[in-house]
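Construct all of the structure, not just a fragment, from the sequences and the given hints.
Quick note, the sequence shown lines up with residues 1 to 353 if you use the UniProt record's numbering.
Hints in this document: simulated from the structure, not taken from any laboratory. Virtual Cβ for every residue (Gly too), placed ideally from N, Cα, C. Any given hint might turn out to be false.
[To be verified] Cβ pair distances, simulated, as ranges:
no., residue 1, residue 2, range
1, Arg-117, Arg-306, 16 to 24 angstroms
2, Arg-108, Arg-61, 20 to 28 angstroms
3, Asp-215, Asp-270, 20 to 28 angstroms
4, Glu-44, Thr-313, 39 to 47 angstroms
5, Ala-234, Phe-210, 26 to 34 angstroms
6, Leu-325, Leu-266, 30 to 38 angstroms
7, Ala-89, Met-113, 20 to 28 angstroms
8, Gly-112, Arg-39, 23 to 31 angstroms
9, Glu-44, Asp-106, 23 to 31 angstroms
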Amino acid sequence: MGGPVPRATLADVAAAAGVSVPTVSKVLSGKKHVSAATRDKVLEAVRTSGYEAPRPATTPRVGVVDLLIDGLGSPWAQVLIAGAEKAAARWGFSLVVTSSARPDFDLRRWIGMVRKRNTDGIVLVLSRADQREIAALEELLHVPLVLLDPVGQRDPRLSTVGATNWLGGVMATTHLLELGHTRIAFIGGPLDTQCTLDRYEGYLAAHRTFGIDPDPELTRYGDFLVGSGRSYGAELLDRDHPPTAVFAGNDLQAAGVYQAATERGLRVPDDLSVVGFDDSLLCETLSPPLTTVRQPLDDMANEAVRLVYEELTHPRGPAGTRIELATTLIIRRSTAPHGQKPARRQAVGRSAR
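So, in structure tokens, the structure goes:
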């Protein structure tokens with residue numbers, strides 16, 4: 001989400017001006033009994049330190065929620081944004097969407113724009129979220145801040161909305177194990193994202209339930225894009241003992257695995273079963289349609305905007321709300337029993353979704 005955001009405090013301003021914190025507060029609040037020379041020193045320290053006073057909690061509502069998201073082009077993002085737009089209308093807001101993936105995106109400039117329009121709340125959807133930057137947003141904007149599909153270690157002070165990623169990993173892997181696959185590869189997203197860790201833990205838990213030790217050589221971590229699914233899929237399929245099934249971290253990575261399989265003359269699911277994650281619009285366009293774990297993106301977006309509304313209308317204490325919505329396994333035609341003959345597989349494929 002960009003480089004570190006300077007977070008000058010009143011103490012920093014006081015130190016730079018050589019005065020006390022109460023003196024700085026008097027200057028910033030416009031109180032008297034401060035000499036002109038001291039006032040000038042404080043104001044200069046404010047200017048050079050980059051200090052910004054937080055938005056007052058009493059700022060009236062303007063009916064705007066900001067959504068800051070990594071990118072706009074993926075099927076997952078499109079569904080989420082559409083859900084957020086519907087949710088904003090439902091809860092009486094207009095939605096302003098900004099992509100932090102733009103080459104010219106600057107977090108501090110964006111904060112300035114958000115402050116200028118007096119936004120009522122912010123929903124963050126970011127694959128990278130530095131805790132210092134999130135803290136800066138809280139301090140500078142003083143509005144409800146909700147993390148949607150949060151990454152990294154969860155901050156109990158922040159409200160978050162996510163899905164049951166661990167259970168999704170269990171369901172996806174159990175499905176493949178029940179089909180007789182024992183060499184199941186895992187291609188996840190970045191290792192430092194909580195959803196990847198949760199899905200991988202679900203993958204391991206399913207193996208333990210079946211009394212099977214997964215081959216650690218069949219685990220890869222990518223970037224949730226088609227390219228990583230293709231490159232890691234190729235790497236795994238070129239091994240002396242390749243996997244017979246792949247659990248991909250999302251539908252885009254699963255599409256990349258399809259490409260790697262096709263390039264090697266392999267067919268899905270005859271030679272390789274594939275499961276994705278998200279149930280994006282991409283799933284039905286792939287051939288064969290992709291078995292995947294559905295995240296309820298519409299409901300997740302609605303809950304995030306609802307939390308903004310709730311925090312505005314019913315201010316809560318410092319502890320954040322954590323909402324996890326259920327994931328569901330959607331079985332289509334990209335998975336088949338291990339070792340099944342092609343004729344039988346085709347018959348099963350026609351009866352599947």
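Do the Cβ positions of Gly-112 and Arg-39 conform to the proposed distance bound of 23 to 31 angstroms? Roughly 24 angstroms apart at Cβ, these two residues keep to the hinted range, so it holds.
Taking 16 to 24 angstroms as the stated bounds, is the beta-carbon spacing between Arg-117 and Arg-306 within them? 21 angstroms, holds
Has the hinted range 20 to 28 angstroms been met by the Cβ atoms of Arg-108 and Arg-61? Cβ of Arg-108 to Cβ of Arg-61: about 25 angstroms, so the range 20 to 28 angstroms holds.
Taking 39 to 47 angstroms as the stated bounds, is the beta-carbon spacing between Glu-44 and Thr-313 within them? At roughly 41 angstroms between Cβ atoms, Thr-313 and Glu-44 fall inside 39 to 47 angstroms, so the hint holds.
CB-CB spacing for Asp-106 and Glu-44 relative to the 23 to 31 angstroms hint: 24 angstroms, holds
If I claimed the Cβ atoms of Ala-89 and Met-113 lie 20 to 28 angstroms apart, would that claim hold in this structure? 22 angstroms, holds
Should the hint that Asp-215 and Asp-270 are 20 to 28 angstroms apart at their CB atoms be regarded as holding? The hint (20 to 28 angstroms, Cβ to Cβ) holds, given that Asp-215 and Asp-270 are roughly 22 angstroms apart.
Is it true that Leu-325 and Leu-266 lie within 30 to 38 angstroms of each other by Cβ? The hint (30 to 38 angstroms, Cβ to Cβ) holds, given that Leu-325 and Leu-266 are roughly 35 angstroms apart.
Given a hinted range of 26 to 34 angstroms, is it respected by the beta-carbon distance of Ala-234 and Phe-210? 27 angstroms, holds
Taken one by one, the earlier hints all hold for this structure without exception.
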